[in-house]
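Colleague: Residues per chain are reported as follows:
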Amino acid sequence: VRPLALSYEGHEIPADVIDLVDVLELTPETIAHAGGGRPVLDREHVACLRELNAHTPLTIHGVSLSIGSADAWNEAYLRLLDQCFDAFPNILWHSEHLGFTRVDGVELCTMLPIPYTHESLDLVSPRIERLIRRYERPFLIEPVVNLLPVPPGDMTEAAYLNAITRRTACRLLLDAYNLVCDSRNHGRDIDAFLNDVDLRYVRELHIAGGVAVDGIQLDVHTAVPDRHTLAVTKQILQHRPNDVLVTFELLREGYELLGSLLGDEVRTIRDWLATVPCDARPVSAVA
Amino acid sequence: VTLARYQQSLERALRGRPVDPSDVYAMRVRSTRQWRLLAESIRFWRRLAIQRGAPMTSTLLLRQGHFHTIVDRLFAERLASPDTATMAEAFLVRVGGMGDDVAAALARTELALQRAARGFDTPYEIDWPIDPIAALANLLDPSRADWPEESGYWHLTVAHRVPGFLSAARRASPEGGHGADAMNPASFARDIRPLFRPIDVEHMRPFSVLLDDYSYMADAANDHQHARDVRDYLTGIKQPQMPIGGPFWTADQLALYERWMNEGFQP
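If you read the sequences in order, they're chains D and G. Counting from 918, one number per residue, gives the positions in the first sequence under our numbering. Counting from 27, one number per residue, gives the positions in the second sequence under our numbering.
Treat the hints as calculated values from the structure; they're not laboratory data. Honestly, I wouldn't trust all of these hints.
To be verified - To give an idea of the interface, some chain D residues facing chain G are shown, with a C-beta separation under 7 Å as derived from the structure: (1) 1027; (2) 1066; (3) 1068.
Bear in mind the structure is a predicted one, so any value in this text is a computation, not a measurement. Backbone N, C-alpha and C fix where the C-beta goes; we use that ideal spot for every residue, glycine too.
Input sequences plus hints: build the corresponding full structure.
Modeller: Spelled out as structure tokens, the structure:
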């Protein structure tokens, strides 16, 4: 049975839903406040999550490291990670986005992709190695959605990700919904990407659903995944054995929108995952 | 285009500032509809962060139709912290200083409640023109409580040691001015600097620890390492506890120092 994770942002998760998931994905920024000039995890959320963590492992999925900022990444996020690893004994791995959220210390309030260049690769790879050395836990990197046209670069996204996994011990986190957004917004060729990226390094797969505004599909996780997203999910999982964790990402507001239907939706996803056959042959294009 | 220039161009463009015409990518994306949507999505995430961090005040201002305007103005004037964790606090401070008595009282109350919930011992005193308990109940669950009518003066105390953090009483006139005000943050010059004795300052100077120097104490480098180190020695988390030989700072003095840090290292 493929394991299923659910995102957690400090809100209450109904007991019947907790019973349906194997892992909780924590975004630490959502349970933190600014204290003493640095982000601090909220005590009550930590206490609540520690209870859950006794039975349910966590993955940590950050949004504010800004690993691709040319000037400097966000050191304050590392303080949060330190607190997470101190507070929660049962963490499988941590992950971040391959992008930037701040420029010269100014927060953008959005996440933008970095150009796939040798320069950015030389910047990001040593940072990833530092993270792995510092925490001695697996680290996954997630390519981000491209709302804007793709910036010019030296290589494709797949080649860039392959270079990262060759250079470092980093593993990959792919987001099926991101791929769908890029496909709808820019005509991205998902098949070509999946043929080119080395799927052997994928350890986690995000699924989500969102909304379209003004004809543009937005990466806002407020709904269950649609058929297109599930088809992409299946496409990836068919090439991977059962060690890929599938995470249903849902904003706190998405929980409120789904209300009592959430349990049924999670159960539906879980049942659907059980039907996805696994063909663990290597992907020929990569081999 | 280097990575740094690419990022700086986008950051300038997002702030509505001119972009170097030779940066072909930045010039091109600015004319796309995705760009407009990106700008809109940034506003969405800011509003969401503030609604999450200040739910009661956001709810009231949404009802009044002022929320979006206030948030947009906050960022246009660059008054909000770039740190997403403190956006809501900047919003509450802003609204707390506004002319609308109820919205201002609510923002002050929400800020004080957040600090009380985090264990701050400081009691906060806030005047209200309506019954604050009924107003808070309505904001938390409009289906269960009516919005209170204007009814004279109410005085609210918010403190960690008060059960439920809140205690309200009706008054004949506004009290004002008693106790700490969440809108009046601790100041280095007024509150912290006088706590260090001349001997403390002189004692630490040879070690390049400048206790009387605001720019040193509030230096943001390394996550405000200077201020945190001083705090850790004052509390005894780091040894030897300072001042060596005592008298050590009282709990109230340490709380004030902590409050100065939490309130943004004000000069």
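Colleague: The structure should be examined with respect to each hint, and the outcome stated for every one.
Modeller: Structure-based check of all given hints:
no.: 1; hint: 1027; verdict: holds, 5 Å
no.: 2; hint: 1066; verdict: holds, 6 Å
no.: 3; hint: 1068; verdict: holds, 6 Å
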